[in-house]
Amino acid sequence: MEKILSYISNFEIQDIKRFLSKAARFFPILIGIVCLNILVDPGDMFLEKDHARKTATQLACGKNIGNYRPVDDVLTRKYTIEIMPVSDIVVLGSSRSAEIGENIFPNKKIMNLWISGGSLLDDLALLSVMDEQKKMPRTLIIGIDPWMFSSEPRRSETSDDIQKFLKKLGSNYHTKPSFDQSFWIILSLSYFQQAANILFTHDHLFVRRNFPTDENCQKLEYTLLKDGTLSWAETYRARTKEEVRQLTIPTVHIGGKMFTFKPDQALEKVMEQMILYLQSRGVEVIFYFPPYHEYAYQWMSLKEKTFKVLEMDRYFQDLARKLKVRIIGSFDPRQFDQTGDGFYDSYHARPDLVKKIFNSYESSPKF
Amino acid sequence: MGASCLFYMWFIPKYIFILFFLILIDYCAGIFIEDTQGRARQCWLVVSIASTCIVLFFFKYFNFFNQNLAAIGHFLGLSYPDHVFEIILPIGLSFHTFQSLSYVIEVYKGRQKAERHLGIYALYVMFYPQLVSGPIERPQHMLFQFREKHYFEYRRVTDGLKLMAWGMFKKIVIADRLAIFVNEIYTDPSLYHGPAFVMATIFFAFQIYCDFSGYSDIAIGAAQVMGFRLMDNFNRPYFSKSISEFWRRWHISLSSWFKDYVYISLGGNRCVRWRWQMNIFLTFLLSGMWHGANWTFFIWGALNGFYLIFGIWSAYIRNKLSQSIGLTRQPKLLKFWQAGVTFSLICFSWIFFRAKDIHDAFYIVSQLPKGWGELLEHISTQGIGKGIYGCLGFGTRQLILPLLLLVSLNAVEAVQRHNNIRHMFAGKPAWLRWSFYYGIVLSMVFLGVYGKNSFIYFQF
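Top line first, the protein sequences correspond to chains A and X.
Under my numbering, the letters of the first sequence match residues 1 to 367, in that order.
Under my numbering, the letters of the second sequence match residues 1001 to 1460, in that order.
Treat the hints with caution; some may be incorrect.
Straight-line C-alpha distance at most 25 Å; calculated SDA-like pairs for lysine to any residue [to be verified]:
1) K1428/X x P28/A
2) K22/A x R1156/X
3) K22/A x M1424/X
4) K1370/X x T139/A
5) K17/A x K1149/X
6) K241/A x G1383/X
7) K241/A x H1193/X
8) K241/A x F1020/X
9) K1162/X x I31/A
10) K1370/X x E242/A
11) K22/A x K1370/X
12) K322/A x I31/A
13) K22/A x R1318/X
Bear in mind the hints are in silico, worked out from the structure with no lab data behind them.
If you're wondering where the values come from, they're calculated on a predicted model, not measured in any experiment.
Please construct the entire structure, taking both the sequences and the accompanying hints into account.
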């Protein structure tokens, strides 16, 4: 240290001291960012680490979860599997499959374990827990999305589950090493912006932390229903057909860029191994293809970039035929005479349309 | 040097070997050029330029030329293998190759002594603040700086940091916010009409300016913090009153590179009139192709070359016209008009720069006059908010922030005409200076768009 200091003149030391004292004036901003990130904690990374377990417990008690935010939903679903008894039907998939529930199968014990933006790796994590807990259902509906083969790392808590199940499947696929985000997110400016948004808008901290959990909670915001399905916020439910059409124009672009729609040979193999494993355990696997809004589908059919969506569609159709997996639904809404009024937005079908799709299949699903 | 290597390897580590290869070739070539005479000297110059250009051609232009040759072959009924190499362009390749070329040419012309210290020459090419997107420095301006001892000076360090903060503000707050709108519309032009394209293109003009000048400010500022001086790369280009002035103020290091090594080598203006204009046109064509292997860049370059030549042809008529309608008696109005026309022409050329392909670019140009009646009808029947939303797909509330940011940017630039804003604040009370600094930092914190867009010029 002394040797280093010997290279620095007294003038420089004075200048360095002056600089550091001025730089320290920005320290309150840094402290403010860290404090807000921790105190508001929009992703429940610091203060509400047991939020997922609480949510799962409430669901197991037959209660709906108001003001639901799918932040740590992989964990929520993992705990749900651990707490809940065995179901007849389990649904895996993304929010596009979040409407399949008791309204479609009133006499069956069904649990929807959708995950926001869920991919094959998330499905593997949940199946691992089900297998471990001996809670495999008789029928498994897998919601098919074009981004199924996204290999983005999820929260570290489920990495081991995925790896364990991959071993059972005889796969040598390795998930990307997931990392604990909590330390770095403390300095994240995008996390800070979310926190500030919560603090300064109607999405008040108090409301968010205190979610109502009775059976008839007011469904103004998103509500996770006791069968795992999602009741959309009032702002979405109130949208007219024309409003949805107008909103589809800008959002289809974002959707096109949001995920990597590309086949992944390694994950394709894992998918096949997974289905064969499930079938060998006596589980009936069904692929559910949630429809897109007519306008979005037309756009995807035309555009080079999203043409990959249709490629993925074909891939999953072929896979279903190869492994004798039943198919329900289609990305193409015209198959259900849809002209756009059955959607909340470009991707998400309303419950009535989902029910119509399932009812349109004779003996579907057969139990 | 270590930091520069680490910085470069952060993107694609193995490409560092290409950089080392080029450095070694040009380093040796520089020494041999200086030490030899006659044809041998020329040979070394050719070897150096050729090896640099081959690497640039292979990574940047091979697929483009191959595909076009295949298309011509197909048209003529010849069989030509249409093989596409799946290669990623090494980051900053166009910039550091130009900097290397500049070195060997300067040594050849005797304006620069060959650098005998390999480490210093390597640092000249790899110096990390300007490695990936310039400014493209000349050896006379940089090499000697690597031999100087650099001390910690409060004024210099803080000035550098202020410049970096301003650059980051331009990039994160303005460019990346405008990118949301621009990307939306340019990703799928078939959904939009004239008003949306006009808005997106104006936004793009400022997006690319804030993106690139923001990067340059960060680079210059970072170098300044360490005690190095890099050349200015932008000088309020959208206040230019003519296209030639614009090119003296936009990407100055590249414009001057093309002027010194291409335009003047072709004969510059010391030749017959038609040849002079051809030199201008060819220089701009090359400049367009430098930006990317796509016909859109070719047309963009050609268009700018045409603007300049047309400017020369029409100078007399325009002057006469200005005099006859009395514009020359209103100098401020004349300047405003000239700046407006220049900005419009530049914006028009940006359409070709930004469009995904030539088809999209011509589609956008063909749609420019359309949709204005529809916009007015929407506004008259549904009000301004819903009318704009119906036509552009964006609400007025979404548009207010980027518009306010553009007004602020132009206000700051207008002020900088007379004095650098940093120097203006230097004499002001501490509370005012610190309010400004806090304002900049807080607006980055609250209004910045994070993790969405890399710098546009990284792709070149």
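Do the hints match the structure? See the list:
{"no.": "1", "hint": "K1428/X x P28/A", "verdict": "holds (23 Å)"}
{"no.": "2", "hint": "K22/A x R1156/X", "verdict": "holds (14 Å)"}
{"no.": "3", "hint": "K22/A x M1424/X", "verdict": "holds (19 Å)"}
{"no.": "4", "hint": "K1370/X x T139/A", "verdict": "violated (55 Å)"}
{"no.": "5", "hint": "K17/A x K1149/X", "verdict": "holds (21 Å)"}
{"no.": "6", "hint": "K241/A x G1383/X", "verdict": "holds (21 Å)"}
{"no.": "7", "hint": "K241/A x H1193/X", "verdict": "holds (23 Å)"}
{"no.": "8", "hint": "K241/A x F1020/X", "verdict": "violated (60 Å)"}
{"no.": "9", "hint": "K1162/X x I31/A", "verdict": "holds (21 Å)"}
{"no.": "10", "hint": "K1370/X x E242/A", "verdict": "holds (23 Å)"}
{"no.": "11", "hint": "K22/A x K1370/X", "verdict": "violated (55 Å)"}
{"no.": "12", "hint": "K322/A x I31/A", "verdict": "violated (57 Å)"}
{"no.": "13", "hint": "K22/A x R1318/X", "verdict": "violated (54 Å)"}
Consistency with the previously given hints fails for numbers 4, 8, 11, 12 and 13, ordered from lowest to highest.
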